[in-house]
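Undergrad: Each chain, written out:
There are 2 protein chains.
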Amino acid sequence: MIFKKCDSFYFTFLPLEINRNTLNSYSNQREMQNKITSLFKIKYPIVQGGMIWCSGWELASAVSNAGGLGIIGSGSMYPHILDEHITKCKQATDKPFAVNLPMLYPSIEEHIETIIKHRVPIVFTSAGNPKTYTARLKEHGITVVHVIASSKFAKKAADAGVDAIVAEGFEAGGHNGREETTTLCLIPKIAQEVQIPIIAAGGIGTGKAMLAAMNLGADGVQMGSRFVACEESSAHINFKNRVIQSVEGDTKLTLKDLTPVRLMKNEFYNKIEQSYVEQKDANYRAELLGRGRAKKGMFEGDLVEGELEIGQVASLFDTILPAAEIIKQVIQEFEEAKALQNSERFTF
Amino acid sequence: MIFKKCDSFYFTFLPLEINRNTLNSYSNQREMQNKITSLFKIKYPIVQGGMIWCSGWELASAVSNAGGLGIIGSGSMYPHILDEHITKCKQATDKPFAVNLPMLYPSIEEHIETIIKHRVPIVFTSAGNPKTYTARLKEHGITVVHVIASSKFAKKAADAGVDAIVAEGFEAGGHNGREETTTLCLIPKIAQEVQIPIIAAGGIGTGKAMLAAMNLGADGVQMGSRFVACEESSAHINFKNRVIQSVEGDTKLTLKDLTPVRLMKNEFYNKIEQSYVEQKDANYRAELLGRGRAKKGMFEGDLVEGELEIGQVASLFDTILPAAEIIKQVIQEFEEAKALQNSERFTF
Chain A
2 MIFKKCDSFY FTFLPLEINR NTLNSYSNQR EMQNKITSLF KIKYPIVQGG
52 MIWCSGWELA SAVSNAGGLG IIGSGSMYPH ILDEHITKCK QATDKPFAVN
102 LPMLYPSIEE HIETIIKHRV PIVFTSAGNP KTYTARLKEH GITVVHVIAS
152 SKFAKKAADA GVDAIVAEGF EAGGHNGREE TTTLCLIPKI AQEVQIPIIA
202 AGGIGTGKAM LAAMNLGADG VQMGSRFVAC EESSAHINFK NRVIQSVEGD
252 TKLTLKDLTP VRLMKNEFYN KIEQSYVEQK DANYRAELLG RGRAKKGMFE
302 GDLVEGELEI GQVASLFDTI LPAAEIIKQV IQEFEEAKAL QNSERFTF
Chain B
2 MIFKKCDSFY FTFLPLEINR NTLNSYSNQR EMQNKITSLF KIKYPIVQGG
52 MIWCSGWELA SAVSNAGGLG IIGSGSMYPH ILDEHITKCK QATDKPFAVN
102 LPMLYPSIEE HIETIIKHRV PIVFTSAGNP KTYTARLKEH GITVVHVIAS
152 SKFAKKAADA GVDAIVAEGF EAGGHNGREE TTTLCLIPKI AQEVQIPIIA
202 AGGIGTGKAM LAAMNLGADG VQMGSRFVAC EESSAHINFK NRVIQSVEGD
252 TKLTLKDLTP VRLMKNEFYN KIEQSYVEQK DANYRAELLG RGRAKKGMFE
302 GDLVEGELEI GQVASLFDTI LPAAEIIKQV IQEFEEAKAL QNSERFTF
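Note that the protein sequences, when read in sequence, are chains A and B. Counting along the first sequence from 1, when you hit position 279 you're at 280 in the working numbering, and nothing is skipped either side. Counting along the second sequence from 1, when you hit position 45 you're at 46 in the working numbering, and nothing is skipped either side.
No lab work stands behind these hints, which were simulated from the structure alone. There's no promise every hint is true.
Claimed, not checked - Only pairs whose alpha carbons sit at most 27 angstroms apart, straight line, appear in this in silico DSSO-like list of lysine-lysine:
hint: 1; chain 1: B; residue 1: Lys339; chain 2: A; residue 2: Lys339
hint: 2; chain 1: B; residue 1: Lys339; chain 2: A; residue 2: Lys44
hint: 3; chain 1: A; residue 1: Lys89; chain 2: A; residue 2: Lys296
hint: 4; chain 1: A; residue 1: Lys272; chain 2: B; residue 2: Lys339
hint: 5; chain 1: A; residue 1: Lys36; chain 2: A; residue 2: Lys296
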């Protein structure tokens, strides 16, 4: 229930007694519910990251059906493909889901039209100025969340009127901030700076990490890597297998002179690194990256020459599971980690 | 109480009934106590990082007197200076304290002699092979802890027989690992791999982060940056002030072709970065670094040309406090964060 905007209305027009009681009752209800589950009308404050080539309608609907928030990653979709995915997602779930909208996307206007046409309830914007589309989306009753990697941009997003932010640390897969602030340092800082709900991302794939992030001040979490290697993910099976076999140190933040991105190390990554050793300039790397590298790696399964975006946390899990099982395990582990706080480890 | 070694003795020589009861009682006591407070015989599982130029006897004794574990950072001390600091620390506290021993230190044999002579109860080794000195130190009844930044080295340390490890994430100040694994990803992985107690380090300066790290599987925490800007720290007041004024993004991991180190950005840091832009080789940077840069910055207060080692977490605090007050605040915040888990944020 989004009640905040109605407060003044109730105060103005209702008789005082009803007014107070109503407000208290609504207010208690609101206060006694997690801000993220309340904002998105979902069961668990777990958001599935909107990831190019991995998160189509199958993953998004599976996550939403399991009580989290599924996101269709529109950045790798032609407009008619996004239309199709939204249509199928609506058929596959009656729960809320979202679309992730990278603002660099060339046909963004068509994407926005499609989102509005389908009355998608929630949009996650990223890689751009939150002022550009927030008001327009909200005019259509859409809840808007913006992805940031620093408290400076968190404040900008809050000022632009977004309903929540995803705060993404250095350990996250894919594109990342220039400050290299880790989730452990980022979340408490952002909690100091903004009042809107915070979804922590980067390094989170387990219930323990979910509890840790929420203890730092997050209201919920976003998990990307864990859902890449998930049955309903549209990632190629080669990539899923590579992810669950990965070990510590297998990913690295690179291409910092273009847009910093965390990749799984492979032959393509080695070529990037070699280009730095050989002191090639940024243009050389932009050409090397070219077009379609991410599709080649993540969707077509070329583990040698493809771009494989994944987070550090990949080294922590070793099985491909259905999305519902992942969410079940995460919540169970979250509760177990809370209960462990009565153990000797926390006794001093 | 270190009881493990005595178990077989009791089993052998005591009458069965007493034996069982005694063991159960000791065992319960041990099980119901945090492994780090039990191992070091301290009140809180908070270790002050052993930091060159910042952690002499004044800081170490203040932390130990406040219920944490104070560490004298011997890496910046001539042998006779370490002798003096240990002597003064023993005069200033009757609580356990430790000495940090970077194994790269040229006069390490003299340092070890001094440590043994003074019966220092605990030694933290770093920057070297844990096999080299662990057995020798333990022969003298010294508890040995080794600092690592990856689970590969955590296993090596456990195999070398150390009593605990400090697992230090990418966000930590000073020297750091090459894998760039953040604390959030490192601690759960290490908890999967080794059985010995884990002290989490990197990004921890508050009670919330302490709780988060312990949720991830750590038995205790080490805080460095927070104690740099502390009244009893021997850091220059200029450096302390710079630390508490720092903002997000003010630190960076650099000198990766020498030994990766996290520094506060300043003119010296800019020169390093410029050397990469100008494609100078590693020798140029080694010369640029030269000798005495860290002393110049952290001890003599030259904020322009000095090397200022500090962690990302520095941007989170803004006052110079006595060590005892820091520990009090951290424990209070830890308890508050635990209590917050009954709030609406955790209700779903």
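Undergrad: Next, verify each hint and record whether it holds.
TA: Here is how each hint holds up against the structure:
no.: 1; hint: B:Lys339 to A:Lys339; result: 9 angstroms, holds
no.: 2; hint: B:Lys339 to A:Lys44; result: 23 angstroms, holds
no.: 3; hint: A:Lys89 to A:Lys296; result: 22 angstroms, holds
no.: 4; hint: A:Lys272 to B:Lys339; result: 47 angstroms, violated
no.: 5; hint: A:Lys36 to A:Lys296; result: 35 angstroms, violated
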